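Peer 1: Could you put together the complete structure from these sequences and hints?
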Amino acid sequence: MAKYPTEPLKCWPKAKELRQQFYRNFSEAKEKGGIRWMGSAWAPDAVVRGLGKDVYSVTGEPYGASCAFDKPLSAKFLSAAENFGFARDLCAYMRNYWGSILCNEYALDKGKFPKADFAWSQHICCSHAKWYQNACELEGGNVPLFCVDVGAGAYPPFEPEMYPHRIRYVADQMMDGIEWMQKVTGREYNDELFLEAVWNDMRLTSKWAEICMLNRATPAPLDEKTIYSLYVFGVLEQSNAEFADFYDELYDEVKDRAARGIAAVANEKARLMTDTQPPWGFLNIYRYMEKWGAVSVGSLYTFGLAGTWLYDEEKHDLIPRAMPDKKPATREEGCMMLADWHLSKPEYQHFYHPEYKTKMMDAIAKNWKCDGVILHYNRGCEGLTVGIAENRLGLLERGNKVMAYEGNMGDEREFDETATINRLSIFLESLGLKIED
Amino acid sequence: MAEEKQEFWRWTESNWKNPDIIWKDAKFVTVGIDVGSVSSQAVIMADGKILAYGNMRTGSDSPNSARNALKFALDALGDMSEERMDYCIGTGYGRVNVPFADRSVTEIACHARGANFLYGPEVRTVLDVGGQDIKAIQCDKKGKVTNFLMNDKCAAGTGRGMEVFSDLLGIPIQEVGDRSYEFKGEEPPAVSSTCVVYAKSEATSLLRKGWTKEEVLAAYCKAMADRIYSLVERIGVKPEFAVTGGMAKNRGVMDRIMPKIGIERMKTEWDTQIAGAAGAALFGYTLCQKGKGRVKG
Amino acid sequence: MISAGIDCGAKNTKTVILKDGKVIGKGSVLTGFDQEKAVEESLELAIREAGISRDDIGKIFGTGAGKDSVRMADDKVNEIKAMGKGAIFLFPNARTVADVGAEEGRAAKLDENGRPADFAINEKCAAGAGAFIEAMGRALETPLEEMGALALKSDKEIPMNAQCAIFAESEVIGLIHAKTEKQDISKAIHDSMASRIVSMIRRIGVNKDVVMIGGVAYNPGFVAAMKRELKLEKIHIPDDPEYGASLGAAVLAVDG
Amino acid sequence: MAVEKFQEWYENRHAYQTDWKKRTGSKIVGFFCTYTPEEIYYAFDILPVRILGSHEIQDVTEPHLFAMFCPFCRDVLAQGLKGRYDYLDGITIAQSCIHLRQAYTSWEIHKNPGWSHYLPMPNHVQSPRAVPFLVGEYEILIKRLEDLTGRKITDSDLNKGIEIMNKVRRVMKDIYEFRKQDNPPITGLESMYMTCSQFFTDAREWLPVAEEVKKELETRKLERDPGKRLLIVGSENDDIEFIRMVETLGERESVGATIVVEEHCTTTRYFWDEVEEGLDDPLTAIADRYVSRTPCPSKDWPQRTRLQRILKFAKDFNADGAIVIQQKFCDPHETDIPFIRKFLEENDVPTYFLEFDVTTAVGPFAIRVEAFLETLDQEDDLF
Ligand SMILES: Nc1ncnc2c1ncn2[C@@H]1O[C@H](COP(=O)(O)OP(=O)(O)O)[C@@H](O)[C@H]1O
Ligand SMILES: Nc1ncnc2c1ncn2[C@@H]1O[C@H](COP(=O)(O)OP(=O)(O)O)[C@@H](O)[C@H]1O
Ligand code: SF4
Ligand code: SF4
Ligand code: SF4
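Chains as they are written, first to last, in our numbering: chain A, 1 to 437; chain B, 1 to 297; chain C, 1 to 256; chain D, 1 to 383.
Think of the hints as simulated: they come from the structure by calculation, not from any bench. There may be inaccurate statements among the hints.
To be verified - Okay, derived cross-link-like pairs now, DSS-like style, lysine-lysine, Cα gap no bigger than 27 Å in a straight line:
no., chain 1, residue 1, chain 2, residue 2
1, C, K208, D, K111
2, A, K112, D, K111
3, B, K249, B, K184
4, A, K76, B, K238
5, A, K434, C, K208
6, B, K290, B, K27
7, B, K209, C, K231
8, A, K76, B, K260
9, B, K260, D, K221
10, B, K27, A, K71
11, B, K238, D, K342
12, C, K37, B, K209
13, A, K434, C, K59
14, B, K71, B, K292
Claimed, not checked - Over the 10 Å line for every Cβ pair with chain D, so calculated as not near, a few chain B residues:
no., residue
15, I22
16, P63
17, A76
18, G78
19, E82
20, E83
21, T146
22, D152
23, P239
24, D255
Said to hold, decoys possible - Computed beta-carbon distance windows for the label pairs:
no., chain 1, residue 1, chain 2, residue 2, range
25, D, K82, C, R48, 48 to 56 Å
26, D, F383, A, G186, 55 to 63 Å
27, D, K180, B, F100, 37 to 45 Å
28, B, F100, D, E346, 42 to 50 Å
29, D, D182, C, K227, 50 to 58 Å
30, A, T418, C, P159, 28 to 36 Å
31, D, R244, B, G59, 27 to 35 Å
32, C, K231, A, K369, 55 to 63 Å
33, A, L431, C, G58, 26 to 34 Å
34, C, P159, A, L431, 37 to 45 Å
35, C, R228, D, G363, 22 to 30 Å
36, D, E4, C, K227, 50 to 58 Å
37, A, K112, C, E157, 56 to 64 Å
From a predicted model like this one, the values you see are computed outputs, not experimental measurements. Glycine residues also receive a C-beta, built at the ideal position from the N, C-alpha and C atoms.
Peer 2: And the structure:
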């Protein structure tokens, strides 16, 4: 018997359409006379927006994930990358991406892989800049690259203060990036568009955090499997106005669901949270958990990659970061604001110390009322798994029930479905749940 | 109910003598000894032609394995004494433990040279699948190695794994190839783990699902073929392509690799397991010809 | 009430019959290919030893890798839960338990009721299980039963690196060639495997009361190596360690 | 022979360091990455010692590091967890690869080192913004070191630090010159002991020995066939056993080799570049050196500057071939390796690629290296 009422999301079709449009834009950019760029999901895409309204990107990580959904295709890409000489333990998104270039095949519409005009990214995980450096080289060596190093230290409260020289460092690189972009594209830079984009970036990521806050409700109005389809806008392009508007719409709908007690999963009995990207080809494990009445309500990964939050030490809580009082007025101010905003990304903090991530995760566990934490020891991504074993110990110490499984977000050869299901069963059983057939 | 335990993995040992050569006229008699992890071979050559060989399993003591293999080959010949050898090269996993060898050369060089001899000088890519190792080698027309790759720390996909598996299913290893095609309907998908140690649980669960032994075998051969192919793919195949080592005799695995490679593999009348030892004997012959053979005293 | 627990393992299938908190019958057979047959046989053996009839058994619980083959079971429990319960039944103080069988090593941290608070299972290719020592015994040409005793004679430290059972075989052969004493090799084999299991146990935390069950606990060489690695004076091992999980299942059949 | 002293230091690092502390009453800080500005530590009279692994099999890191993190960082962390470095007064890391960072943070959590400092060394070293940023970070570091030592430093202290480290670099380079000879009077193994022992000792005590070695080498002759001359390219590597195996192959097999130069963070990447002396602002001079030194691959972008440096080493030291070592799971290097191999091959330096794990036995590598050496033989007797 279902415990809670449930309804499909009204804005679901729109989300789908927006996503498809985004990928299509990239492959069709040239026909429209526009500009195509490639880069990471974490890249400050607002900066590129100053080049005009017709700049389109393929975002590496979601692209890599899309490959992973098509197992035979992904296998082909991965082996192409391996045959080129890349090690199998490298980031699985990156290998899928390089494989696409090597095979000259675009996973999203099976055409040729669209060559980008330039690459624009940031760098914090050892692989970010190298990903696009190699992609440029594989594309024939004539695609220019610019990366903004954001490894400038943790954000308060994890550091006593946000030292001005750290923000400067990141902002100055963006300033240089703007000059560089004008040079490599031959276009005049439009500061107004840029400033608008900076604002949209903040608007979108702050709204996403607000949406996640709504998931504190019991029953949870969103489950993580659905969240994966929605958070992606904050990953594809954070400065996209259409996406930001969509989040406003989504916010209203989720708020309404929470108020009316509409559940994502009708038989919610226990709430879980996860960590890092899931094995994309095997999202059915989430369905399996639902059979036990276990709903994953989110993760620092989905909350923090598309959302901007600040950790409040005193309340031991994650708080959506408030929008600045006023819009930036000059290019320099825009860069400073954007740098400061990005440096506070929750998903950047654990690069400095696992303890920071443990604190934020524990705050989610407590405030989103999670009964258990499932950690994906993701062999496909060293960036998000750095420190994960310490997170596990830290979460246990703080009284959480934790389970870990090994897998890979984008290389199915490294995921053992049977063993994982077995492990999940043991864990869910230990939470006092029973499977319903 | 104590059943006689049959050891299905025991492939047959063999020795052979070339009836057409009168070795007494030979200028140089050279010997190659290949002590592998699973098998040991001795090849005796007279002026670069194979006179006799012995092929047997490696015991746990490689100096003895070398001696036994040589003795086995000499037995085939019947009338030669060890003293007649002008030069002997050891190769293979136990190469430094061949007590009577003058020198050692890696099995990589020897297999390439051996393949050049067994298959002819057109060979450019040699795949050697032995007991523990998989090697993909590229060579020039003289059989000199230009590039090579070896499997890493996992023995999955090697001959030893196949031995364990054949024992498990109770199918003699020589029959594995043919039996792996004796099923109806579509080819089953590859098993997920080719790990030698875990092969058993995987096989058990498949048999329990109602698969026939032949289907399980097919699925295992396919998985091995995939694993081996991934190494070949990394080095790239230049024609002509030849296979050496014991696994070359297993068409269950080989015939599943070949379509992926897209070209035919070369054929030979020779026993593919002797490639390494033959290469070693040939190197010995070349050294003797150049006057760099054993200094007799 | 009389209950039974049946543990259908990768290598052996074991049954324990429990009456009012006392073990009255045990049976172990090789699992082989036909798991259902093995389950029947081991149950038969245990029933015979207990001197009861099948109808006397109130409840049967199945566990182990082949738990689905325990057709007559009233319910199935996972291996972690069963081993935890078995361990705490035998040693009420137990908080860390390791179960090392033929193909799988498992470890769990227990709460005071024997419920797993945390657990670990070895990854697919750790070769960190009984089959590893069996394969090495073959390479050393020593029967499995003698491997442990042999290891106890040695006090040498020879590092063994190969994680793969097959490559370890050749490492062993290499050591034989290097004229290493058999006993020293045997110790190295046990040390290397213990180190792997201990790594896994450390992941969940080590308490001072460690219980070890599973067939490999019969092996004194392995137990000694475990103590060294864990720096413990004593590891609790029941008399019939291989029955640990089936015992747990039998207890759970009573407790529900 | 003075050259033997290096090995002694290498093998007895802990004895040396504890004794040093007793003798001088000063502090020792362990560092995890060669981007640590040792000059600044010397300015405070703190001894910076690098933490390397011990190549032993261990089972203590499993709870802290998940399986796909590199064996080197595991080995390093094990040293801390096993209490081998309990005498340290603090630990530090300069931001390089995230693997090593894990070893550092786990150590920090579980060993309570007293003092610890994470230095956000910029990754975008090719940007003009890197130096001013790094100077800002050095200022923070100096404050932290003031907390540790209770003293303040001046520019002349910094200049002293610069001078010490530059002397070290110079003498190492001088010694490397000898390796260019046809039959190098110093083996790769000895050379590895030299560079690593410097990590473990007070540079002021290490320097006179190195100077003496330099003199010794002028007349030293080694009774060995150098065989093939090899360049080794790789990540962290102080795998003495591997080098020993390569350089003694010739004693057992028909082919032998000598390692004549390496591109490693334990060797040339660490010491090749000097700080410019005599500038007004020593901090900027130091920052400039670390920003422009041979980069670790995770900092080598957008241009891949390492390629030319590696090729130059190959040519200058007349290498017959290169072994490109991939430390298992070492992502930064793994992203460069295919391009390095391609580049070297295109420039007629035969290369062999080896996947490596500092904690595995070298045995299985012997056959690979040997077979590679066989392919290098130009006038091969065998053909
Ligand atoms: N007649 C045969 N039919 C099928 N497979 C065989 C046969 N003979 C040997 N093999 C396979 O070859 C393997 C041994 O290969 P081999 O090249 O001799 O090994 P190595 O030289 O490494 O010791 C055996 O493990 C077995 O799987
Ligand atoms: N007397 C013994 N001496 C040493 N090892 C033993 C002994 N008896 C059993 N073993 C080991 O125990 C393993 C089987 O343990 P068991 O717990 O029954 O496994 P499973 O549950 O996986 O079938 C065997 O692989 C073997 O290594
Ligand atoms: S490893 Fe992870 S964090 Fe790094 S680039 Fe890949 S997906 Fe991003
Ligand atoms: S998977 Fe099996 S064959 Fe491969 S390394 Fe592990 S034990 Fe060896
Ligand atoms: S650079 Fe590579 S070897 Fe060095 S610590 Fe990082 S990952 Fe490990």
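Peer 1: Take the hints in turn and mark each one as holding or not.
Peer 2: Tested hints:
{"no.": "1", "hint": "K208(C) <-> K111(D)", "in the structure": "holds (21 Å)"}
{"no.": "2", "hint": "K112(A) <-> K111(D)", "in the structure": "violated (53 Å)"}
{"no.": "3", "hint": "K249(B) <-> K184(B)", "in the structure": "holds (23 Å)"}
{"no.": "4", "hint": "K76(A) <-> K238(B)", "in the structure": "holds (21 Å)"}
{"no.": "5", "hint": "K434(A) <-> K208(C)", "in the structure": "violated (32 Å)"}
{"no.": "6", "hint": "K290(B) <-> K27(B)", "in the structure": "holds (13 Å)"}
{"no.": "7", "hint": "K209(B) <-> K231(C)", "in the structure": "violated (45 Å)"}
{"no.": "8", "hint": "K76(A) <-> K260(B)", "in the structure": "holds (13 Å)"}
{"no.": "9", "hint": "K260(B) <-> K221(D)", "in the structure": "violated (55 Å)"}
{"no.": "10", "hint": "K27(B) <-> K71(A)", "in the structure": "violated (61 Å)"}
{"no.": "11", "hint": "K238(B) <-> K342(D)", "in the structure": "holds (18 Å)"}
{"no.": "12", "hint": "K37(C) <-> K209(B)", "in the structure": "holds (15 Å)"}
{"no.": "13", "hint": "K434(A) <-> K59(C)", "in the structure": "holds (20 Å)"}
{"no.": "14", "hint": "K71(B) <-> K292(B)", "in the structure": "holds (26 Å)"}
{"no.": "15", "hint": "I22", "in the structure": "holds (27 Å)"}
{"no.": "16", "hint": "P63", "in the structure": "holds (16 Å)"}
{"no.": "17", "hint": "A76", "in the structure": "holds (26 Å)"}
{"no.": "18", "hint": "G78", "in the structure": "holds (30 Å)"}
{"no.": "19", "hint": "E82", "in the structure": "holds (22 Å)"}
{"no.": "20", "hint": "E83", "in the structure": "holds (24 Å)"}
{"no.": "21", "hint": "T146", "in the structure": "violated (6 Å)"}
{"no.": "22", "hint": "D152", "in the structure": "violated (6 Å)"}
{"no.": "23", "hint": "P239", "in the structure": "holds (21 Å)"}
{"no.": "24", "hint": "D255", "in the structure": "holds (29 Å)"}
{"no.": "25", "hint": "K82(D) <-> R48(C): 48 to 56 Å", "in the structure": "holds (52 Å)"}
{"no.": "26", "hint": "F383(D) <-> G186(A): 55 to 63 Å", "in the structure": "holds (57 Å)"}
{"no.": "27", "hint": "K180(D) <-> F100(B): 37 to 45 Å", "in the structure": "holds (41 Å)"}
{"no.": "28", "hint": "F100(B) <-> E346(D): 42 to 50 Å", "in the structure": "holds (45 Å)"}
{"no.": "29", "hint": "D182(D) <-> K227(C): 50 to 58 Å", "in the structure": "holds (56 Å)"}
{"no.": "30", "hint": "T418(A) <-> P159(C): 28 to 36 Å", "in the structure": "holds (34 Å)"}
{"no.": "31", "hint": "R244(D) <-> G59(B): 27 to 35 Å", "in the structure": "holds (30 Å)"}
{"no.": "32", "hint": "K231(C) <-> K369(A): 55 to 63 Å", "in the structure": "violated (40 Å)"}
{"no.": "33", "hint": "L431(A) <-> G58(C): 26 to 34 Å", "in the structure": "holds (28 Å)"}
{"no.": "34", "hint": "P159(C) <-> L431(A): 37 to 45 Å", "in the structure": "holds (41 Å)"}
{"no.": "35", "hint": "R228(C) <-> G363(D): 22 to 30 Å", "in the structure": "holds (25 Å)"}
{"no.": "36", "hint": "E4(D) <-> K227(C): 50 to 58 Å", "in the structure": "violated (40 Å)"}
{"no.": "37", "hint": "K112(A) <-> E157(C): 56 to 64 Å", "in the structure": "holds (59 Å)"}
Checked against the numbered hints given earlier, this structure breaks hints 2, 5, 7, 9, 10, 21, 22, 32, 36; the rest are met.
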